[in-house]
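Peer 1: Next come the chains, spelled out residue by residue.
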Amino acid sequence: MSDAPDEMAIEVTGATRNYPGHVTALAGVDLSVGYGEMVAVTGPSGCGKSTLLHLLAAIDFPTAGTVVVAGRDLARLGDLSAYRRQEVGLVFQFHNLLPQLSALLNVELPMLGTHRSAHQRRDRARELLAAVDLEDCERRLPTELSGGERQRVAIARALANDPKILLADEPTGSLDSTSTARFLELLERLSQAGTTIVMVTHDSEVAAHAHRIIEMRDGRVVDERIAYVPAPTAASVSS
Amino acid sequence: MMAVVTLDVTSSGLEQSAAAIISVGKADFTVAQKGASDTLSSTIDESQLVQLRETRGVESVVGVLVETQRINANNPVFIEIGINPGDLTAFGVKLVAGHAYSSTAAHQVMLGWRAAANLGLHVGDRFNANGTWNTVVGLYSTGNAFGDAGAMFPLPAIQGYNRVPGIVTLAFVKVVPGQSVAKVAAHIDYAEPELTTIRTATQFGRADQNLVYLQAAVNGSTVLAILIGAVIIGNTMLLSLFERTREFGLLRAVGWTRRRTVGLLLGESLLLAFIGAGLGVALSFVVAVVLENLPALKGVLHPNFTEEAFWRALFTALVMTLVGALYPTTRAALLSPLKALSYE
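Protein chains in written order, with the numbering used here: chain L, 1 to 239; chain X, 1001 to 1344.
Derived by calculation from the structure, the hints in this document are not laboratory data. Predicted model, so just to flag it, every value in this text is computed and none were measured. Yeah, the Cβ is synthetic: ideal placement off N, Cα and C, and Gly gets one too. Treat each hint with caution, since some may be false.
Residues from chain L shown here face chain X by an in silico Cβ test under 10 Å; the list is partial [unchecked claim]: (1) T13; (2) G14; (3) R76; (4) Y83; (5) L97; (6) P110.
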């Protein structure tokens, strides 16, 4: 990854995504997100928020335009699996946990195929489940967890490989207010540690915790505003 | 898998039983009629034995007539060997009780020690064979289970019982020490086009077309089993892939490589195939034992369970799975993570 100071973590230029049947999900989106920035994407259903997230996660590709992450055009990446595994963490709107695996094994999934040993994978998964207050649920199957607990397992899974970019699609949709507050605290800590976060949400209170709010409509970015200016950290003061 | 292994071990058992005949005589090689439907149908004129004896490098030739007879329900296929008493030593026969019959003796028989034990007969007892009562004059041992489970009669007597005067089934040839067995056998093959020489069990098909057909049937059924099994495995894998499309999409979305995803699907299928193969081998053992003990097949069928049959079953399962997995794994590899995740 390039460390050029003027380089953005995410640079989306003219991204268009058309689907068969003349369906346009994105119609020329431009978006830049800096390193460590937390961005909330809001807008009505069907406005293209999730599609934008899918492009950033490299599980879908633009019909036109480019998506550049850390200086690399995703359409030209040779090893997409490594990008998905190591550089981004994706929290799905509907959790997408494997029903036959325990919470612990679900969190371990993205770590399979990495340099981590089985022991290290298990320790890391336990650490992440503890971070989302689910240390007592590691052996439970997804069907034995509440909606909120499942969402927290999905969040833990997204963080498994310490991604530089965290993408979250309605991450607090099934969380209660306490869990939502804890999740937002976690995001803030990650952001302060340098993780770039792009979060799709309908919840204006959740969006208000982001540094910047992007509003989308009909596949376009229609508004962009600063929502929250983080207090200067010790590191930023000293620099 | 069960059917393939059962066919395999029973045909191998039949081959072994048939091949045991050639090892009775402790000869360097055996001569039989070329292309006979089965070993016991081989016919060699005794005049041809004279020509064989005159072949350069041949030390001795023993002609024997081999017939089978039903003795009772426990011995539906009893082996009778017609051999001249003068050839008994050359044939590797050792007397263990009594004495040998004479060449002109009527109604005299020698029993193999196994046959005597099975039938509960001793020297001096009477034994009904070919509708005639014969006196057991001696018990013999050949060191071969097949030979020791039968009876020996003077050659003319057996030829008479079966109305085949001057005919033998097989000729057992010993080569002069120091001479090349292969060269002598090759010379006979060349000089006697109606006959064929057999030195190993694998050459048995030359004189036993039935074994050749049986082996072809086994090979054919193995190929058929692979094809049917591959279709079933492919279909099962495809169903599994459809049912778990979202799962595979998720695995790809969290960074699993195509190779790892395909490996998961293939690994599961191989595991199932090997469990199936194991169960098939176990079931084939049961079926073969049941077949072996059927009254109609008792004494005929001796399933030959070998390590090779087991490995062949595993290999068949492997090929079946790989062939069946070809299409489903290609589909799995080409799955788009997003399409797979939105699959209903």
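Peer 1: Are the hints correct? Go through all of them and say.
Peer 2: Checked hints:
no.: 1; hint: T13; in the structure: violated (21 Å)
no.: 2; hint: G14; in the structure: violated (21 Å)
no.: 3; hint: R76; in the structure: violated (18 Å)
no.: 4; hint: Y83; in the structure: holds (8 Å)
no.: 5; hint: L97; in the structure: holds (8 Å)
no.: 6; hint: P110; in the structure: holds (4 Å)
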